[in-house]
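Here are the chains, one letter per residue:
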Amino acid sequence: MSEVKIENLCKAYGPVEVLKNIDLTVEDGSFVVLVGPSGCGKSTLLRSIAGLEPITAGNISIGGRQVNDLPPAQRQIAMVFQSYALYPHKNVYDNMAFGLKFARTPKAEIDQRVSEAARILQLEHLLKRRPRELSGGQRQRVAIGRAIVRKPQVFLFDEPLSNLDAALRINTRVEIAKLHKLLKATIVYVTHDQVEAMTLADKIVVMNNGRVEQTGKPLDLYYNPANMFVAGFIGSPAMNFVAAKMTQKNQLDCGAGMKINLPLPPACKVGDKVTLGCRPEHIQFAAEGKIQLKGNVDILERLGEIGYAHVSLPNGQSIVAQITGDPKVGNGAPVSLALSPTHIHIFGEDGSVCSAAAR
Amino acid sequence: MATGSDAGLMGMSRASYLRLLGFFLAPAVIIYSVFSIYPLLATIFSSLYLRQIDGTYVFNGLGNFVTLLTDTTWSVSFWNAMKNNFVFFLIHMGVQNPIGIALAALLSLPQLKFRAAYRTLIFMPTMLSVVIIGFTWQLILSPLWGISKMLLQAVGMGAFFAPLLGQESTALITVSLISVWQFVGIPMILIYTALLAIPDELADAATVDGLTQFQTFFFVKLPLVIPAIGLVSVLTFVNNFNAFDLIYAMKGALAGPNFSSDIMGTLFYRTFFGNQLQLGDASMGSTIATMMFLIILLGVMVYLFVIQRRIQRYSF
Ligand SMILES: Nc1ncnc2c1ncn2[C@@H]1O[C@H](COP(=O)(O)OP(=O)(O)OP(=O)(O)O)[C@@H](O)[C@H]1O
Ligand SMILES: [Mg+2]
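Chains as they are written, first to last, in this note's numbering: chain A, 1 to 359; chain B, 1 to 316.
Calculated directly from the structure, the hints in this document are not laboratory data. Predicted, not measured: the structure shown is a model, and the values here were computed from it. For glycine and all other residues, C-beta sits at the position ideal for the given N, C-alpha and C. Do not take every clue at face value.
[What the hints assert, rightly or not] Coverage of chain A stretches by chain B, computed from C-beta distances (three or more under 8 Å per stretch; other residues unrestricted): (1) 78–86; (2) 177–188; (3) 219–225.
[To be verified] Partial selection, computed: residues in chain B whose CB lies under 8 Å from chain A: (4) 204; (5) 209; (6) 210; (7) 211; (8) 213; (9) 215; (10) 224; (11) 228; (12) 245; (13) 311; (14) 312.
The task is simple: from the sequences and hints, build the whole structure.
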């Protein structure tokens with residue numbers, strides 16, 4: 001049992017509230033990823049769980065034990081830092097064994113745990129090296145090894161891959177996923193990277209401004225974002241938003257004569273200002289289809305198999321549509337866009353979704 | 001230049017390239033020559049001459065050095081000053097630098113309030129004139145009206161009062177400790193700066209590993225600031241063997257009582273410029289100055305070639 005339960009957690013630096021009423025449960029053995037824009041409080045939340053930051057209010061329990069007042073070392077957690085934070089004056093073995101020595105673990109057991117971790121992480125031939133004699137990816141593995149030898153109930157990762165180059169990042173991502181399976185560990189993982197979040201997570205927690213905006217399985221967040229923030233944050237390129245007004249039952253007016261007929265959720269009333277959201281991958285160049293918008297191509301980005309067209313609408317807004325192949329349209333050419341009706345999201349004035357999308 | 005023998009920088013002719021080189025190098029070369037290299041060479045040169053009774057000088061080879069080290073009229077004072085100077089240095093190494101390190105550690109505590117105030121206050125004496133420091137401490141320690149006597153008496157420890165600056169057994173130690181008090185800000189600032197360069201995440205990692213704040217300092221941070229400690233040590237060495245002003249301000253050129261606080265600087269001063277009945281002797285003074293130079297040179301070389309090479313430097 002190594003469930004992490006956070007209830008009503010608040011954290012303030014003086015008058016600045018950094019975390020506001022966070023509620024979160026990390027189930028035993030699950031991989032939870034915290035995402036959100038820079039400065040939204042992800043690291044602070046992670047450090048609060050670790051015990052590196054005192055909390056202002058609320059409750060944190062790990063494995064059913066309240067840990068609010070326990071120092072980090074007694075919380076049965078291990079943390080992997082963004083800069084790896086290896087001890088520069090100690091070799092790989094000692095980096096991993098350092099904490100165990102202070103915990104008065106018997107020498108034989110230290111040996112056994114370190115060599116076990118080194119085997120899992122393929123560090124056996126590097127044990128005598130100092131951190132500066134290692135590559136970035138190797139340092140990363142040592143940092144993970146240092147976490148493993150502690151045999152923690154919960155692993156905490158703060159952007160562990162952000163200092164690696166793109167290729168290594170993909171490799172290490174896969175390694176971490178395998179490690180999670182192997183160790184059956186409970187993991188809380190902070191990242192900026194959408195792909196990391198989508199591929200690794202059992203559950204994603206989207207944060208903004210010190211609050212949890214939405215929690216859910218990766219595809220749940222993708223298909224059913226609870227509000228415009230999550231909708232815009234998850235998915236790349238970001239979801240398109242078009243301001244609209246409900247002028248008649250089941251009809252939206254996007255301005256400049258663009259009218260869309262669409263079965264709208266019952267919560268919407270005639271006269272409501274709403275925002276229509278649709279992801280680029282659900283918009284195509286097509287003259288037929290139930291929901292049509294017309295515009296002029298600003299620019300085409302061809303990436304090979306797919307590409308993105310930036311299209312400006314008559315009302316002045318610009319939206320992005322995914323294209324496949326190589327449509328022969330020049331810049332400024334008029335095009336018709338077809339929006340997939342089952343992938344349209346309607347958001348109310350406060351930004352939250354007006355019930356599920358019409359489907 | 002890699003651009004061939006007759007072409008200078010960027011297609012300049014060789015002559016104008018050399019002129020340009022000269023233009024940029026000349027200021028440094030001239031200033032160093034006039035103010036450093038020439039005086040040094042002149043000192044060494046002058047140490048090779050002997051002063052005659054009539055005030056003229058004749059060449060004497062290394063004779064002055066032999067006299068200084070072996071002839072008891074000179075060697076007793078010289079070895080006394082040398083011994084005192086080492087005591088002076090060891091007190092700085094053993095008291096000033098550990099206290100400096102401890103203060104730096106305290107200053108870098110994250111929960112410390114009024115950090116800037118402490119830093120400024122501790123650094124303040126370093127910026128004061130040595131004359132003021134010397135005079136102030138003389139007043140404080142004075143057996144006649146010194147506040148230290150009254151303070152000790154006020155807490156019932158009057159019996160412990162002694163004329164610290166007036167006893168042969170305590171004068172040197174007292175002056176050394178006053179110097180320590182004055183300059184402790186320098187190791188503190190240098191080591192504090194080195195401690196600041198250590199990333200916070202490293203301390204966090206140690207906290208997660210179960211180390212207390214003290215253990216983190218001792219086992220993680222201290223090993224990482226050893227280069228700064230080495231630098232502080234060599235600076236202390238150079239400063240201590242060049243020291244003169246505090247002793248002169250507090251104990252005069254005679255560095256009493258009975259030369260018990262005499263160090264190389266004061267010995268040099270008396271010899272070179274003369275004092276009371278002693279006539280100034282430029283060549284013997286230069287001999288002492290050359291010895292001081294050699295001692296410092298030796299110390300710095302030991303640091304550079306033996307100690308510094310074994311010190312690991314870390315980039316974070
Ligand atoms: N010691 C501090 N004092 C005051 N404010 C702080 C302190 N540490 C962090 N903050 C503020 O708390 C907020 C959250 O910081 P945090 O480091 O948790 O962000 P983050 O989500 O991890 O960002 P990033 O993705 O850039 O790492 C930020 O607005 C930051 O300015
Ligand atoms: Mg962060």
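Verification of the supplied hints:
1. Restraint check on the segment 78–86 of chain A versus chain B: 7 residues with Cβ-Cβ distances below 8 Å, three needed, restraint holds.
2. Here the segment 177–188 of chain A counts 0 residues with a CB under 8 Å from a CB of chain B, which misses the bar of 3, and the coverage is violated.
3. Chain B is given as covering the segment 219–225 of chain A, and this is violated because 0 residues of the stretch bring a CB closer than 8 Å to a CB of that chain, at least three being needed.
4. For residue 204 of chain B, the suggested interface contact is upheld, since its CB lies about 5 Å from the closest CB of chain A, less than 8 Å.
5. Interface hint at residue 209 of chain B: satisfied, since its Cβ lies 3 Å from the closest Cβ of chain A, which is below the 8 Å cut-off.
6. A least Cβ separation of about 3 Å between residue 210 of chain B and chain A falls short of the 8 Å threshold, and the interface hint therefore holds.
7. Interface restraint check for residue 211 of chain B: the shortest CB-CB distance to chain A comes to about 6 Å, inside 8 Å, so the restraint holds.
8. The restraint placing residue 213 of chain B at the interface with chain A is violated, with a minimum CB-CB distance near 11 Å, outside the 8 Å limit.
9. Because the closest C-beta pair between residue 215 of chain B and chain A is about 7 Å apart, less than 8 Å, the hint holds.
10. Of the supplied interface hints, the one on residue 224 of chain B holds, with its beta-carbon coming within about 6 Å of a beta-carbon of chain A, less than 8 Å.
11. The beta carbon of residue 228 of chain B is not positioned within 8 Å of any beta carbon in chain A (closest approach about 14 Å), and the interface hint is therefore violated.
12. For residue 245 of chain B, the interface hint is violated, since its Cβ never comes within 8 Å of a Cβ in chain A; the closest pair sits about 39 Å apart.
13. Because the closest C-beta pair between residue 311 of chain B and chain A is about 11 Å apart, greater than 8 Å, the hint is violated.
14. Interface restraint check: residue 312 of chain B against chain A, minimum CB-CB distance 7 Å, threshold 8 Å, status holds.
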